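2 protein chains.
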Amino acid sequence: VRTRHEAVSIDSQRKTVKIHNLDKNTFEDLSYDKLILSPGAAPVLPPIEGIHLPGVHTLRNLQDTDKLYALARSGIKRAVVAGGGFIGLEVAENFARLGLETTVIQRDRQVLGFLDADLANIVHREIRKAGVNLILGDSITGLAQSDLLTRSAQGALISGLAQGALISGLAQGAQGQLNLSLSSGKTLDAEMVVFGIGVHPEVVLAQTANIQLGTTGAILVDEHMRTSVPDIYAVGDAIEVRHLVSGAKAHIPLAGPANRQGRIAADHICGIGSRFGGVLGTAILRVFGKTAASTGLGLRALEKAGIPFESVTIHPANHAGYFPGAEGMTLRLYFDPASGKILGAQGVGGAGVDKRIDILSMAIRGGMTVDDLEAAELCYAPPYGSAKDPVNMLGFVGAGLRSGTQPQITNFRLGKSPDTSAIQLVDVRSPGEHANGHIPGSVSIPVDELRERLAELDPAKPVVAYCQVGMRGNVAVRILLQKGFRVQNLSGGYASWEQLFGG
Amino acid sequence: VRTRHEAVSIDSQRKTVKIHNLDKNTFEDLSYDKLILSPGAAPVLPPIEGIHLPGVHTLRNLQDTDKLYALARSGIKRAVVAGGGFIGLEVAENFARLGLETTVIQRDRQVLGFLDADLANIVHREIRKAGVNLILGDSITGLAQSDLLTRSAQGALISGLAQGALISGLAQGAQGQLNLSLSSGKTLDAEMVVFGIGVHPEVVLAQTANIQLGTTGAILVDEHMRTSVPDIYAVGDAIEVRHLVSGAKAHIPLAGPANRQGRIAADHICGIGSRFGGVLGTAILRVFGKTAASTGLGLRALEKAGIPFESVTIHPANHAGYFPGAEGMTLRLYFDPASGKILGAQGVGGAGVDKRIDILSMAIRGGMTVDDLEAAELCYAPPYGSAKDPVNMLGFVGAGLRSGTQPQITNFRLGKSPDTSAIQLVDVRSPGEHANGHIPGSVSIPVDELRERLAELDPAKPVVAYCQVGMRGNVAVRILLQKGFRVQNLSGGYASWEQLFGG
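These protein sequences, in sequence, are chains A and B. For the first sequence, the residue numbers in our numbering are 399 to 901. For the second sequence, the residue numbers in our numbering are 399 to 901.
Rather than coming from a laboratory, the hints here were simulated on the basis of the structure. Just so it is clear, the structure is predicted and the values come from calculations on it, not from any experiment. Keep in mind that the hints are not guaranteed to be accurate.
Where chains are identical, the list cannot tell them apart; a pair therefore holds if satisfied intra-copy or between any two copies.
Keeping only pairs whose Cα atoms sit at most 30 Å apart, straight-line, the calculated DSS-like set for lysine-lysine is [as the list claims (entries may be wrong)]:
hint	residue 1	residue 2
1	Lys881	Lys432
2	Lys859	Lys814
3	Lys688	Lys786
4	Lys739	Lys786
5	Lys475	Lys416
6	Lys881	Lys859
7	Lys688	Lys702
8	Lys859	Lys422
9	Lys465	Lys786
10	Lys688	Lys881
11	Lys786	Lys647
12	Lys786	Lys432
13	Lys688	Lys739
Starting from the given sequences, assemble the full structure and let the hints guide the process.
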């Protein structure tokens with residue numbers, strides 16, 4: 399193990415790597431039989447003015463973490479995090495917990511791009527509830543050093559402390575103040591800015607050996623992790639992988655697959671023919687009190703890939719509701735309408751989200767269908783689940799959609815202001831629930847009155863029924879189907895509509 | 399919905415059911431087109447003397463629970479629970495939490511028969527740590543009413559309270575005292591005894607229609623839940639099912655499959671051809687601070703079914719060890735040596751056992767193998783798991799066993815006092831760990847010294863290496879294999895040996 403040494407170039411003809419001893423500033427050639435590249439990925443910095451100012455940081459390794467932690471506790475007041483992905487949100491949460499005024503700026507209209515917009519909104523509310531200033535649809539276009547003292551330094555000046563104390567305060571805490579310009583025209587001040595807007599694969603060393611890159615710009619490898627150059631392998635965040643659902647090439651830096659790739663490269667070098675099949679992109683993040691997780695593909699990725707899909711959404715509790723401590727979640731399942739095969743799943747909520755996404759990840763890998771989810775036999779005792787686990791419920795609702803017994807429409811397809819000239823929108827909840835908030839244009843007919851009030855509906859006009867989470871809506875759909883109506887249930891009910899379009 | 403009515407007989411020719419109105423004591427015939435039997439299963443009471451005495455109880459429904467709860471809080475001191483299954487242990491835990499002196503008597507040498515003996519031992523320790531008196535390998539052979547006052551009543555007498563207070567105390571709290579005789583010859587006193595020694599399917603009503611029973615004594619049904627009599631279906635705890643791993647007929651009363659069976663019967667009646675495939679027996683129980691769970695088959699069931707198997711055992715944490723709050727568990731995987739297909743899994747420990755057993759249940763249903771577990775892509779962030787999740791680790795260890803790169807032996811096969819004339823037993827932990835407890839006959843050669851101390855081993859004699867949990871033992875096995883030794887690693891290490899044979 400050579401620490402403080404950098405591999406600077408590869409001679410694949412002579413099979414040597416040139417090594418730079420960073421302490422002695424000497425160079426040396428090391429020969430190899432087999433070479434494994436595992437250089438990882440580096441944080442992306444945007445090419446904007448002021449990006450190299452002191453006070454601008456990224457987070458890649460333990461040393462960066464230690465530095466950010468020390469800075470956050472050095473007396474500064476305000477931090478800005480650019481980027482609402484894993485790194486950005488984890489940094490922001492830690493800053494907020496350390497008492498900093500924290501702002502997150504995200505270029506997209508949502509954080510955590512692997513989530514659908516409505517599930518991301520749950521995360522937005524959680525972030526804002528924790529006091530973080532979340533700015534969406536905006537980005538930093540430039541940074542400038544300010545001559546202003548930091549607030550703490552100003553405070554020290556105003557309170558008339560001795561010059562020595564002020565200087566000490568500046569030296570310890572004040573990192574200088576940065577003025578940030580945003581693409582919206584807004585400006586922000588902060589003592590520290592962390593960029594967590596993404597990573598790019600480290601390919602410079604690979605390119606010295608003319609190793610072929612893939613279409614994503616990451617290193618191209620085969621299923622044994624071999625690059626285009628004989629006896630050179632590559633693994634981890636620097637390589638291009640195949641997405642197991644879409645089949646498309648992708649750059650998906652994740653710890654689990656990276657570890658697996660290392661094992662497969664080692665296997666192949668040792669004569670064992672293990673193969674790397676691809677990546678599902680299973681990912682999870684804790685954001686304050688919530689968990690956000692996903693496996694396979696979500697709405698935007700499915701649309702982009704042109705894959706036919708249907709989805710169902712439920713809002714279950716993690717375990718039996720009568721057992722103390724049940725926590726809620728929103729779960730969504732994507733599947734192929736023709737075969738029923740599972741294409742993706744995502745969830746946001748309290749305890750138990752990780753378990754359901756893991757079960758569904760396993761189901762995708764096993765090529766399983768919504769019918770298999772119906773039949774899944776999962777641990778049930780009141781502290782752990784329900785006799786009908788959320789995974790079973792996804793199967794029930796999905797199989798009903800596929801078979802036609804439970805026609806459904808998503809919140810995305812219904813839209814914020816449904817066209818009630820084309821459909822009849824029926825709120826089958828109680829009048830009280832309706833009065834507390836409903837979808838514009840909907841009429842209130844509680845499900846228990848529906849059979850008696852059928853005359854209020856036009857049999858010639860399609861109906862969309864909804865309740866709070868989808869259960870009563872499903873009963874209403876069954877009643878109306880039997881009466882000859884064309885009808886759909888709003889999957890996930892008013893809760894899902896409100897998650898997508900609510901304030 | 400007819401409450402307080404009992405269905406007493408079926409006339410399958412006339413397609414009627416005779417109904418007894420329990421309040422009015424009248425009878426009536428109800429006709430049916432399709433009939434679904436869902437009578438459940440009833441607690442087994444052993445045919446012993448005194449079984450019908452007051453103070454002897456069972457637990458089947460909510461009313462029983464309310465009654466037991468009221469009795470437990472009525473001032474009695476001592477309760478005995480017969481049976482160490484789900485019901486028995488849940489009742490015992492609740493009694494103990496309510497402050498009763500609680501004894502559990504279990505005929506088998508272990509509680510929770512779906513667990514292997516070593517994993518059951520973890521549960522035994524947890525039960526005893528909570529102050530419950532756990533008696534294994536014994537059973538109640540008779541009960542007798544005692545004339546003695548209860549301890550509380552004795553106390554009241556001794557402390558010289560007025561007669562009125564004593565009578566009141568007896569009326570409220572004292573249920574009379576029971577003297578229990580055990581098959582060991584021991585005796586026990588208690589104010590309350592609960593029998594939770596198993597259930598039998600309720601088949602009396604079915605038998606009035608000459609419905610065929612299966613070999614287990616439960617109602618025989620086909621994959622659409624049809625009984626042997628036309629237009630009569632049966633579902634739930636009264637029916638016989640097929641075990642999905644063994645293929646054998648079994649009576650496995652579980653809430654999840656029962657619910658599923660109800661849906662399938664309804665589907666078939668409505669013209670939908672849903673099929674019930676069988677049961678994996680996925681089950682879970684919280685026992686004080688521990689979780690015990692299982693899916694598929696365990697050691698005794700595999701041996702009984704004559705199914706070839708291998709197993710691996712690990713002792714992982716539920717999430718990254720560097721993240722606060724990690725909890726340990728013991729996980730075991732059974733698989734088919736030829737195909738690698740998963741046959742069963744079980745786990746006992748803290749948080750996260752339910753998640754892993756659910757993932758493995760899904761893997762069994764999907765016909766997946768240990769190789770699929772290696773490749774499983776599960777949610778990883780430090781609060782939820784590890785980049786190498788326990789499920790992946792089971793895959794790594796299992797695949798190494800199958801491929802021959804990681805030969806292993808189980809604690810069961812090694813035995814309590816290994817024959818060191820036949821094998822060399824090497825403890826590759828540190829000398830300090832060895833001194834704190836080791837397997838009899840083992841020599842201490844720390845793994846880091848193994849290459850230098852090979853001369854201490856006889857190359858002609860098979861070696862079993864072990865460490866604490868299996869990691870260092872695996873390194874030792876790799877070293878010794880390369881040096882030409884015949885060697886096996888003790889799966890699960892000293893921890894698993896101690897769980898099986900320790901005090």
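Verification of the hints:
no. : hint             : result
1   : Lys881 to Lys432 : between (71 Å within a copy, 24 Å between copies)
2   : Lys859 to Lys814 : within (20 Å within a copy, 76 Å between copies)
3   : Lys688 to Lys786 : both (23 Å within a copy, 23 Å between copies)
4   : Lys739 to Lys786 : both (20 Å within a copy, 26 Å between copies)
5   : Lys475 to Lys416 : neither (45 Å within a copy, 79 Å between copies)
6   : Lys881 to Lys859 : within (13 Å within a copy, 80 Å between copies)
7   : Lys688 to Lys702 : within (28 Å within a copy, 46 Å between copies)
8   : Lys859 to Lys422 : neither (81 Å within a copy, 51 Å between copies)
9   : Lys465 to Lys786 : between (48 Å within a copy, 28 Å between copies)
10  : Lys688 to Lys881 : neither (42 Å within a copy, 52 Å between copies)
11  : Lys786 to Lys647 : between (37 Å within a copy, 24 Å between copies)
12  : Lys786 to Lys432 : between (52 Å within a copy, 25 Å between copies)
13  : Lys688 to Lys739 : within (28 Å within a copy, 36 Å between copies)
Consistency with the previously given hints fails for numbers 5, 8, 10, ordered from lowest to highest.
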